[in-house]
Amino acid sequence: MAEARDDIPSTRGPDRAGERSSGRPRRAGWFSKIAPGVRKLVKPKASDTPENLWVKCPDTGEMIYRPDLEAALWVTPAGRHMRIGPDLRFRYTFDRGAFEAIDMPRVFDDPLQFTDGKPYVERLASARKTTGEHDAVQAGFGRISDVPAVIMVQDFAFMGGSLGMAAGEGFVAAAKAAVERDAPMVAFVAAGGARMQEGALSLMQMARTTLAIQDLKIAKLPYVVVLTDPTTGGVTASYAMLGDVHLAEPGALIGFAGPRVIEQTIRETLPAGFQRSEYLVEKGMVDRVTPRQELPLVLGSILKTLMMGRARSQAA
Amino acid sequence: MSVQTRHYLEFERPIAELEAKIEELSKLSETAGGNGLDTELDALRARAEEMRRDAYATLDPWQKTQVARHPERPHFLSYVGALIEEFVELRGDRKFADDQAIVGGLGRFRGTPVVVMGHEKGQDTTTRLKHNFGSARPEGYRKAVRLMDMAEQFNLPVLSFIDTAGAYPGIGAEERGQAEAIARSTERCLTLGAPMIATVVGEGGSGGAIAIAAANRVLILEHAIYSVISPEGAASILWRDGSRARDAAAAMKITAEDLIRLKIVDRIVPEPLGGAHADPAAAIAAVGDILEAELKPLLALTPDELRRQRADRFYAIGRSFG
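Protein chains in written order, with the numbering used here: chain P, 1 to 316; chain X, 1001 to 1322.
The set of hints was computed from the structure by calculation and includes no laboratory data.
Idealized CB from N, CA, C, for every residue including glycine.
Since no wrong hints were added, every one of them can be taken at face value.
Listed next, the stretches of chain P that the computed footprint assigns to chain X, with coverage defined by at least 3 CB atoms under 8 Å from CB atoms of chain X:
(1) 109 to 115
(2) 197 to 210
(3) 237 to 246
(4) 261 to 267
(5) 282 to 288
Below, a list of computed lysine-lysine pairs in the DSS-like style, where the Cα atoms sit at most 27 Å apart:
(6) K176(P) / K1263(X)
(7) K217(P) / K176(P)
(8) K283(P) / K217(P)
(9) K1095(X) / K217(P)
(10) K1095(X) / K283(P)
(11) K217(P) / K304(P)
(12) K1130(X) / K1095(X)
(13) K220(P) / K176(P)
Whole structure, please, built from the sequences with the hints as guidance.
The structure is reproduced here in structure tokens:
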């Protein structure tokens, strides 16, 4: 189910280096400090300046001035919502970018002693090095348009955002934090699917995260999912499709089976727009396509209304 | 089943050759009218049995995958036929269609009224097509939800049987919300206030399997497999070479023994010598006996206790390795 490979850099790859500068002054020479994997991923084309001040638009090929792209929340003039990770999500979504990080539980690394030529422990180590994070899920608590909320973010840059034990426990911890704080939970999801290197233990995360959502339901706390590019496999088939409300960023690939698998199965070319956010709205699986810039306000409005209803029922 | 039509797996080839010889010899012995070959035939039969025992005692994960997919292995409807009295099939998801990749209905299991459901792969070309080779579309999972709702309403335990390569990857399935259907079915298992036991009888493939396997107890047949993705799928994604399925099968720890160690399954149902397909009646009876034993303590629990037990069971997975 996990179709996306962690080691295939996305053509519209996020520039994680940009995020690392969040909240602190940009250091000179930061680019040379990141690991070769990421450097390759964001490798400046010959046409780029050495300072990497320009980013090539994956759709039009146009060169975009990096500070402009950052100011546009990594949405290109053509409307492409480039992939971003937890740091930027928190900064863009929480009021004034302020939040309290929620500790992500540590799990057993490599329970199966898995290797597919390259040992899983090495893949983990290199993902940790390039992202600076321990695994694919991060969570924080802050305010969204003044509503206190927990945000969970799945980082596609970390082994394709894949759902393994760490991400599963991270989701469970985020939901628990929401219940403890009596706050709603917002999940920004992005993943190729399950983490195959953890075998059936990763499959079990589909059930474990679903249980965590039940705890939110019992506490009558809203659970809102924001589907981002790409969300497929076991992640879509569990917590990504169990929200009270589903929002999606424009143009995101969202599905159960990946397009390649479907094409191989049915031996047909897929229609244009298939499995994109707009298609899911049309098919009734997503409530609304929401551009990145509007997300804090839209999320705030939804959470405000739901929490007001909840407060009324509790007062009654 | 006669020797000639029997389906042999690749690793069984030496046994197949020997058994062909035995067959030839026994024909020869019959036409000769004498009993002169009997002793020799008995010795050869004993040798074949020994070879089969040895082969099945040391199956590697890829060989187990072959056994789990054996076309003559008992399927869901074989279990229903032998274990469920007065089975009445209930069809359709009440929303769009009936998906025969998941079959379900009402009946009684050794006297206890139950809801029973499972993936059915079919056993010949016609039935395989009818059941879409056990790969369900959203309607299959929505039917499962409907059956679990009924189980809850009428206080019926749910027995589910897992045997699928995975949920079907097609345009229509995506269009109608395959992911949502699987997620809701898993969720319904976990919120169920009735006892539920899932038995992996063949292939437990990915999300399409767990959607009806998030149960109080999860059993697995000795040679069945349960995995996050098929060995072929993992090989083509991770090794970028579909022919490395044997390596992927070993690396992903998909066998019953591995899964017991990882606490993903609770109990292994032993199979007859030569696998469940060698003696389907005995295999099914063994499943029945263990199901009966496992169901009994669950019947004493309240709905809240059942939900709690299920939640504790799944939350515990991966938190410690004994």
